[in-house]
Amino acid sequence: MPRFNALGFGFLAPALIVVALFFLAPVILTVFFAFTNMSTSTGITGGDYLLSQSDLRGVKASGVSDETYDALENAGYLVDDAGLARLAEARDQATADELAALHSGAKFDARRDMERALKDLRDNRIRSTRDRKALAELFKTSVMDERFGSEAAFRTALDGVGIPQADQDILVKEAYTGWVWTTENMKLLFSLDSSYRYAMNTVIYVTLTLGFNVGFGLFLAISTFYLSPGMAATFRTIWFLPRILPPVLYVLMWKWFTWDTGFLATITGYLGIAPRNWMLDTATNAWVVVILINGFVGASLGMILFSSAIKAIPSSMLYASEVDGANRWQQVRYIILPQLRWPILFTTSYQTLSLLTSFEYILLSTDGGPGRATEVWALAAYHTALNNYGGNLQYGFGAAYALILVIIGIAASLLYLRFFNFKELVTKPRIEG
Amino acid sequence: MNANFKSWPVIAILSLVSLPLLIMFVFQIVDTFTNPYPGSIWPQMFTIEHWRFLWEEPATGRSSIWAVTWNTFVFASTTAVAVTSISLTAAYALSRLNFPARRFFLAGLIVLHAFPTITLIIAIFLILQFLGLYNSLMGVILVKAALELPFGIWIMKGFYDTVPWEIEMAGVQDGASRFTVWWKLVLPQVQPGLAALLIFSFLSGWSEFVLPLVLAPGNDAQVLSTYLSALILDDAKPDFNLFKSVGLFYAIPVIVIYLVFQKKLMNIYGGGSKG
Numbered sequence: 001m002p003r004f005n006a007l008g009f010g011f012l013a014p015a016l017i018v019v020a021l022f023f024l025a026p027v028i029l030t031v032f033f034a035f036t037n038m039s040t041s042t043g044i045t046g047g048d049y050l051l052s053q054s055d056l057r058g059v060k061a062s063g064v065s066d067e068t069y070d071a072l073e074n075a076g077y078l079v080d081d082a083g084l085a086r087l088a089e090a091r092d093q094a095t096a097d098e099l100a101a102l103h104s105g106a107k108f109d110a111r112r113d114m115e116r117a118l119k120d121l122r123d124n125r126i127r128s129t130r131d132r133k134a135l136a137e138l139f140k141t142s143v144m145d146e147r148f149g150s151e152a153a154f155r156t157a158l159d160g161v162g163i164p165q166a167d168q169d170i171l172v173k174e175a176y177t178g179w180v181w182t183t184e185n186m187k188l189l190f191s192l193d194s195s196y197r198y199a200m201n202t203v204i205y206v207t208l209t210l211g212f213n214v215g216f217g218l219f220l221a222i223s224t225f226y227l228s229p230g231m232a233a234t235f236r237t238i239w240f241l242p243r244i245l246p247p248v249l250y251v252l253m254w255k256w257f258t259w260d261t262g263f264l265a266t267i268t269g270y271l272g273i274a275p276r277n278w279m280l281d282t283a284t285n286a287w288v289v290v291i292l293i294n295g296f297v298g299a300s301l302g303m304i305l306f307s308s309a310i311k312a313i314p315s316s317m318l319y320a321s322e323v324d325g326a327n328r329w330q331q332v333r334y335i336i337l338p339q340l341r342w343p344i345l346f347t348t349s350y351q352t353l354s355l356l357t358s359f360e361y362i363l364l365s366t367d368g369g370p371g372r373a374t375e376v377w378a379l380a381a382y383h384t385a386l387n388n389y390g391g392n393l394q395y396g397f398g399a400a401y402a403l404i405l406v407i408i409g410i411a412a413s414l415l416y417l418r419f420f421n422f423k424e425l426v427t428k429p430r431i432e433g
Numbered sequence: 001m002n003a004n005f006k007s008w009p010v011i012a013i014l015s016l017v018s019l020p021l022l023i024m025f026v027f028q029i030v031d032t033f034t035n036p037y038p039g040s041i042w043p044q045m046f047t048i049e050h051w052r053f054l055w056e057e058p059a060t061g062r063s064s065i066w067a068v069t070w071n072t073f074v075f076a077s078t079t080a081v082a083v084t085s086i087s088l089t090a091a092y093a094l095s096r097l098n099f100p101a102r103r104f105f106l107a108g109l110i111v112l113h114a115f116p117t118i119t120l121i122i123a124i125f126l127i128l129q130f131l132g133l134y135n136s137l138m139g140v141i142l143v144k145a146a147l148e149l150p151f152g153i154w155i156m157k158g159f160y161d162t163v164p165w166e167i168e169m170a171g172v173q174d175g176a177s178r179f180t181v182w183w184k185l186v187l188p189q190v191q192p193g194l195a196a197l198l199i200f201s202f203l204s205g206w207s208e209f210v211l212p213l214v215l216a217p218g219n220d221a222q223v224l225s226t227y228l229s230a231l232i233l234d235d236a237k238p239d240f241n242l243f244k245s246v247g248l249f250y251a252i253p254v255i256v257i258y259l260v261f262q263k264k265l266m267n268i269y270g271g272g273s274k275g
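Chains as they are written, first to last, in this note's numbering: chain A, 1 to 433; chain B, 1 to 275.
One chain only, chain A, in its complex shape (with noise of 0.2 Å):
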């Protein structure tokens, strides 16, 4: 009979919040925002409600009465008592009196005629320009270029320039300035050009770096092991440091090997060959120098897996084929291959799925470029959403593009925990079973 164990719910708890919070919170909330317009604009919280003159064209097209569009477009200024009051707070009581006693009632289509009422003050002189401007918006009965907090607030003074309520619906919407639920994302990424440019920046980034990262790591693991033991570790650290060193300095090493005043331009402006930036002068370039400096990085992973698998074949194996006369050849290809097939499947499909989702050497290199050459899926989805030249993050669109690779993220999972030895490592434990 198994028993409970309170203190397994204890000292799994902490892991399980922060797993809750970064985890789980996350790839919901990556799917509601894919169904947003959420951007810098729109803001993530709420939003206001507010007409500007650029949405006047947008509300036309929405199908309002021509008497509200005409309402809304040629709002005039209307000195009643509410603007009275105002003037007579913001000025004084004579001021409203004046007004009140030459222009009570009238009403002015422009800010000029209202601004001349004003001039029209005898007793109570404005003198200043900028204030009979200031004070002309005071007698204003448009809602346009206004900010309302709420809804409600909006309706009312809808109401109060007496726009019928199945246009209020309308102007409510197109008025808000928060985000809003839409599928106009996945419609936009299946239709885009881009998108496809960088999916397939991707298959050509995931199958170049995949394949020199696993072929280069084999190389460097039967090459050091057929060398005397101090010779391998030499070679053995000089490829592991790219693993090790800060990322942000690695790609700087790449950015002078490469860049128009650095080694290579050096290197070959002996030859006579102008100097260029041999990292972005060429779309062709460009993809050489991140593969490179990606399978650098990865081809040591590959190295210290292969290497260890190589170890773990019984010497008396290698004596045997050489007493038999097998060249280095004939060995690699019949002894070493056959027993590196794990690590060789292991290493390619963990590989596939970090390179897939993974930007941040590209990001420091070519950031993309030059153009968007170099633009894969998942850098995509940072610029969108986190980064880019226009300054209007499109929280949402960026969503909609990680959506993605968070589907391929869990469904590569999931696959892995099929094939994994999960009765393994599931038994039981020993104490309470």
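These are computed hints drawn from the structure, not numbers from a lab. A hint or two may mislead.
Here's a subset of chain A near chain B, in silico, CB distances under 10 Å, partners left out [to be verified]:
id: 1; residue: ALA6
id: 2; residue: PRO14
id: 3; residue: LEU21
id: 4; residue: TYR196
id: 5; residue: MET231
id: 6; residue: PHE240
id: 7; residue: THR261
id: 8; residue: THR266
id: 9; residue: LEU292
id: 10; residue: TYR334
id: 11; residue: LEU337
id: 12; residue: ALA399
id: 13; residue: ALA402
id: 14; residue: LEU405
id: 15; residue: LEU415
Derived coverage of chain B by chain A (criterion: at least 3 residues anywhere in the stretch with Cβ under 8 Å from a Cβ of chain A; other residues may be distant) [unchecked claim]:
id: 16; stretch: 83-90
id: 17; stretch: 195-207
id: 18; stretch: 223-234
id: 19; stretch: 249-258
Ideal placement from N, C-alpha and C gives every residue a C-beta, glycine not left out.
Given the structure of chain A, go ahead and fit chain B onto it with the hints provided.
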């Protein structure tokens, strides 16, 4: 195993392919102490002027290198301690204790371990904004520790799995509680794993770039990685000698820690988290 073949062709090929890396490493160090001949890259004379960023007043709008280094240290060590302590208990529970839905949690751990966390960065960015932790060191620490956690639990579980059951059974037999057994008997057994995870998480935090870049871009929470990348991006005319000096300053702790703890770390790098 070299009966039928010679070594030198292998050494020659290896040296040739390692040459670019070697050149980068050598110039990375030499360039921080020398000035090149004008218009070339070959070092000419010794100078320490590239290290002036250590003692000179920072330019306006830039943080002092020491404040940034302190931030980096706080960031790396706090995440390391958080990851290690949470992993220590969670991994023990998963490895040794019996409780409902244990299978489910274990499956969850494998899925989380394989899941590419960087895809969540947009959602996490927005969550931090909601929580008001955006642009603070605290926020990045929380996120980094959280994202590192499945890996930490995975590694620690591996270490716990190797501890013989007999140790615990003996403890329980003598009347100790499971907690006491864990604290007094099991923990000393996994100390190498604990140290390795602590060092690994520290290095991983020290090198982290994307999280601070996205979640804390302000000057107050700047760490060395974002400091260096901002320095490189800012300059119209790149001063590689300065960049390399800052870079070397940044990497020294990594190299020293790696040299000292090489053996301990090798276990972990095999299942490392980088592509």
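Comparing the hints with the structure gives:
no., hint, result
1, ALA6, "holds, 8 Å"
2, PRO14, "holds, 5 Å"
3, LEU21, "holds, 7 Å"
4, TYR196, "violated, 20 Å"
5, MET231, "holds, 7 Å"
6, PHE240, "holds, 8 Å"
7, THR261, "holds, 7 Å"
8, THR266, "holds, 5 Å"
9, LEU292, "holds, 8 Å"
10, TYR334, "violated, 14 Å"
11, LEU337, "violated, 16 Å"
12, ALA399, "holds, 5 Å"
13, ALA402, "holds, 5 Å"
14, LEU405, "holds, 4 Å"
15, LEU415, "holds, 9 Å"
16, 83-90, "holds (count 4)"
17, 195-207, "holds (count 3)"
18, 223-234, "holds (count 5)"
19, 249-258, "holds (count 5)"
Hint violations for this structure: numbers 4, 10, 11, all remaining hints satisfied.
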